[in-house]
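Enquirer: Residue numbers (our numbering), protein chains in the order written: chain G, 3 to 356; chain B, 3 to 356; chain C, 3 to 356; chain F, 3 to 356.
A couple of the hints might just be wrong.
Heads up, the list lumps identical chains together, so a pair's fine if it works in one copy or across two of them.
[Unchecked claim] Okay, derived cross-link-like pairs now, BS3-like style, lysine-lysine, Cα gap no bigger than 27 Å in a straight line:
#1 K273 to K305
#2 K115 to K315
#3 K352 to K151
#4 K201 to K258
Hints listed in this document are in silico derivations from the structure and should not be mistaken for laboratory results.
4 protein chains.
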Amino acid sequence: MAGNSFGTIFKLTTFGESHGAAIGGIIDGCPAGLSLNFEAINLEMQRRKPGQSAIVTQRKEADEVKFLSGIFEGKTTGTPIGFTIENTDQKSKDYSHIKDIYRPSHADFTYDKKYGVRDYRGGGRSSARETACRVVAGAIAKQLLSEIKINAFVSSVGEIFIDKPYQDLDFSKTENNVVRCPDETSAAKMESLIREMRKNGDTVGGTITCVLQNIPVGLGEPVFDKLHAELGKAMLSINAVKGFEYGSGFCGAKMKGSDHNDIFNPDGTTKSNLSGGIQGGISNGMDIYFRVAFKPVATIMQKQDTIDSAGNKAIAEGKGRHDPCVVPRAVPIVEAMAALVIADFYLLNKISRH
Amino acid sequence: MAGNSFGTIFKLTTFGESHGAAIGGIIDGCPAGLSLNFEAINLEMQRRKPGQSAIVTQRKEADEVKFLSGIFEGKTTGTPIGFTIENTDQKSKDYSHIKDIYRPSHADFTYDKKYGVRDYRGGGRSSARETACRVVAGAIAKQLLSEIKINAFVSSVGEIFIDKPYQDLDFSKTENNVVRCPDETSAAKMESLIREMRKNGDTVGGTITCVLQNIPVGLGEPVFDKLHAELGKAMLSINAVKGFEYGSGFCGAKMKGSDHNDIFNPDGTTKSNLSGGIQGGISNGMDIYFRVAFKPVATIMQKQDTIDSAGNKAIAEGKGRHDPCVVPRAVPIVEAMAALVIADFYLLNKISRH
Amino acid sequence: MAGNSFGTIFKLTTFGESHGAAIGGIIDGCPAGLSLNFEAINLEMQRRKPGQSAIVTQRKEADEVKFLSGIFEGKTTGTPIGFTIENTDQKSKDYSHIKDIYRPSHADFTYDKKYGVRDYRGGGRSSARETACRVVAGAIAKQLLSEIKINAFVSSVGEIFIDKPYQDLDFSKTENNVVRCPDETSAAKMESLIREMRKNGDTVGGTITCVLQNIPVGLGEPVFDKLHAELGKAMLSINAVKGFEYGSGFCGAKMKGSDHNDIFNPDGTTKSNLSGGIQGGISNGMDIYFRVAFKPVATIMQKQDTIDSAGNKAIAEGKGRHDPCVVPRAVPIVEAMAALVIADFYLLNKISRH
Amino acid sequence: MAGNSFGTIFKLTTFGESHGAAIGGIIDGCPAGLSLNFEAINLEMQRRKPGQSAIVTQRKEADEVKFLSGIFEGKTTGTPIGFTIENTDQKSKDYSHIKDIYRPSHADFTYDKKYGVRDYRGGGRSSARETACRVVAGAIAKQLLSEIKINAFVSSVGEIFIDKPYQDLDFSKTENNVVRCPDETSAAKMESLIREMRKNGDTVGGTITCVLQNIPVGLGEPVFDKLHAELGKAMLSINAVKGFEYGSGFCGAKMKGSDHNDIFNPDGTTKSNLSGGIQGGISNGMDIYFRVAFKPVATIMQKQDTIDSAGNKAIAEGKGRHDPCVVPRAVPIVEAMAALVIADFYLLNKISRH
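Put together the whole structure using the sequences plus the hints.
Expert: Right under this line is the structure:
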């Protein structure tokens, strides 16, 4: 597949650039008969969109989804669900100054070299704008998996980390602050750091932790489509992601087997959960938890030396509206991608046994 | 797809369990006319196989590949390449004692729950035995990409880390020691630790770093099949992998944009390379480097409390032949998976432009 | 895939029902840098749409395509091309009388049984309305394959057949009459028959012949994706199609090998062409010609006994606007599907050889 | 996909040429827990193989399947089923005389042009030898669909046709004669014609009719993967097939809607069945019946003028062992492909509804 579809059964195909007329997608494979809660879908869209607070980008989008098919009298029909989201506030004029310039650590250079043509307005297809479509599909996937709890939150910004295990956090507090960090002390420090970055025209990275609970046993399709491998691909496909780890992650690499193994309880649950809820690439019913690393956004408000498409020296200076830290806005995207992966494996698992 | 195929164009489908008659695979989509060097393929197989040294598992396999089709007079014909590898030394009797037991942190429990039937001999399909097939396909992919240099090595075992950047390492030294670490000082310490684990019947984890050089610009298919997302999925699908990061990775999450951005040189290369050779999900020509985290193998030679399939208490004790540390053996597997990913994107990129 | 995508590289995914807000699709994998001729695309749309003449359905649709992405300054960017087409004249009230009725030989019964929910307005997703999206994508595929000539025409309606081989026909005359038959004598008879059907509130079937010329050698991916097998699947996926044959077709089944074999000329062309331009599932450079059989449309303006969803007796009577013969309107759809198949194989063939 | 896989969930990938060491395949997606009857699988293999009677090719193959994985204690494990079949009687020396010759209406020319390299021994990958692998997979699919009845038979050879509707035939008689025609009168005439062809060193074509009964309602994935479209692709992918029609087929194209529509009975069955058991691309529970047209095999025992790869004149004369009529041997292949298609849709249909 040429990269614009995600999923095997529950499949999302998207289109759209940051400065085109609209973005949108088609969700195929959603089982028929699912009653959709459109307010819940809108809520997810609102969580993602820019202009929500003073710490994120000031671009204003209505971000209203128009469903064009696949839904009749409020229920999915089993036919593909097509949807569009208008780009209403793209301000093309903000980007004319970068027409031939390759901004450092952006996709300008690579898209130009790969395709030989580049929509220079904003990030074009490489912009995070397309993630709005993922959130729509993820919202529907979440409703298919009504029993499953998906909670993502910001676990670090720059060098500020939550210092508690996730089990000590109250997920209901995640939406209470603009950083989406359920630990209030850390949240305050993070917000402070982000405002400082904004003032300096700089950006900073961070990490998101996601916890999936009440997952049925048996999800995952070894050997290549292991559950954690698909989750990893899903998260790594989000803009600015540099790393993924689940369960004990990179720390587990330092450990000994005698310390790392999760011992079974009689009922099949485990006493510890360094496995992160996945063994042999298949869910075992325990919490699935993973962490996603985001680099600092490449668009900074400081001048940078760079080149243009002819190789001449140029200056890159960010204008327009940008995020000092994308991590809070990526929280609903991480949840959406997790929902898409789980939905696909949930359906595939129904046909595993004769 | 139900998990046993990898790739879109250059596609590998595998079969086989650790204790079945044979394992094997089919490579589809390899362009016709490629002259194959069978010695080179065998060399990769030898690198991976057990019984090579005193620090790894003592299971002896000839690991001889039999090519059954798709090759005529030494060249690929464009038709699918089928191959088998016999399992000659599986010692089924070593596993009869675990027939109904769920070994901690193994795939016994999840496979049983998902499929309702479980080949209890060894790890069955969940065993790392199937990775031998990946190495065969990866060896052929490497020959397709003759200009590209793929070098993986062990960068840490337990808490012992190489303390140099990869640019200061001599990759030709990787095969000089059983740990596959090109830094001799670290290699000696790692070997020591592994022997200690072997003596204690314990296991330890580690990490592998992989560097891809001389990569053409333009490989990767955004937005979902970004190059680093596919590399991540490829690595995460290898047994025991818990994490993947590329470029600045999790460290980049702590950085500021002004420090993180890679400034362009006039010729299109970059002064720094925190991007890890990939921008917007597409290769930019700079070195691609990534790190893969392996947990300690779950099969330890110490007694562990566990349960059987009826929920009764049981004891799991490893017998048979096991690895105190799989990381050295995984080096050729990491290279093979990298080669498969690059081969697929290399072919896809040929049809990106009109 | 769950049925709403067509193609491997040049891939079309569609959505939309006859009476939803809009229909549309996403074209993925179209190489970057192709200059699009939008008038040509519109022309194809006009050829397909209803309300063009007195012999076809009177439903009026502007059938205006809105391209939303993937095109910049008139050229394809290599990113997915999203498009929508509004349904402006669906007259939902025409279908309220069939809410629970299963119309004979329609998809009402099967969709209801499969999905448990049915959009009863018109044919919903089963309506031929979605073929408009195929024509959009086919029009773009045609422009990618600018050297290739694709000509379809009506070769029979009811028992009226063209009695000349296609080589004696002038394809430029196909659009000169409403039946899209390039043989004027046959066209007149066909038109007469269709008007009679319209008067009686009945429908009649027919066949379309399609000729592809100037096809490069080498298109097709044996053994399962043979060129004629994909063409067959493409045509059979069009509404009302009951049969497909290529080259000598069903007549060839009566022949002897000594009469059927195509002897080679020194330059690689063949003296005869019963092969229909395809040997071993791969194009050999000669004309590819095939015939597609269309059953009479099931919606007739006569009363028919039927049942409702509870199994009670009911009467089905067509109201609304219907076609006495869909075959003329299907000509651009057949061409569009042929273009999609050829485009996909054209791109795949570029990576067949090392 | 590059043509060597068939199916989405129940997926077969094959490899192997007529004169390579072996042929084989991997069946992925077969649900776990299915008890396999190996004798039944062997029986299907025996039905297909050459050397069974005086009217078919004299090549002798043991055609013994070796299952290498995916089956444990007689049941499928849900892991991929790998299998090989040795080529034991290929007589490579029979083909050395055609090393550079393009035999008329064979795949020699097209494979050489597409791949630039050609395994000239026999038909290589284009030979019907690979269909043995389809029969293995189809035999397993049949066992998954134990309630469904799949019966194919020869309905015509040359100009000799069965003149009864299939409902008047006794399928149990199909295996009673070498032609696999359940109508004894027609069978005798067909056998006579084939013997005559053999004597003359000529070949003749024919058709196979296949009837699927006891099919559940709801199989098929519109709009592109309609049940009849997938069946058509499946049949057209078999060697020598030139046409496919289902239900009323090409005859339906001559009919009027008032005569063609199938009226419902109160219980959902239909009084007539010109629909061929499929409406809107989805099965409606009635018999699915279709007809497949086979051209006469291109390998005849008469001299033919042809060219070699340099364009020089040459003579093609069939040596080795050939079939005067492949149609009887194709009967189990048609059944196998039907089983594969139905199995795939059967599994997909399980996840259509919430």
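Enquirer: Now look at each hint and say whether the structure bears it out.
Expert: Results for each hint:
For a Cα distance limit of 27 Å, the shortest separation of K273 from K305 across copies, 16 Å, qualifies, whereas the shortest one inside one copy, 53 Å, does not. When the C-alpha separation of K115 and K315 is checked against a cutoff of 27 Å, the pair qualifies only within one copy, where the shortest distance is 18 Å, while the shortest distance between copies is 48 Å. Taking the closest pair of Cα atoms, K352 and K151 come within 27 Å of each other both inside a single copy (20 Å) and across two copies (25 Å). Taking CA atoms no more than 27 Å apart as the test, K201 paired with K258 passes between copies only; the shortest distance there is 13 Å, against 45 Å inside one copy.
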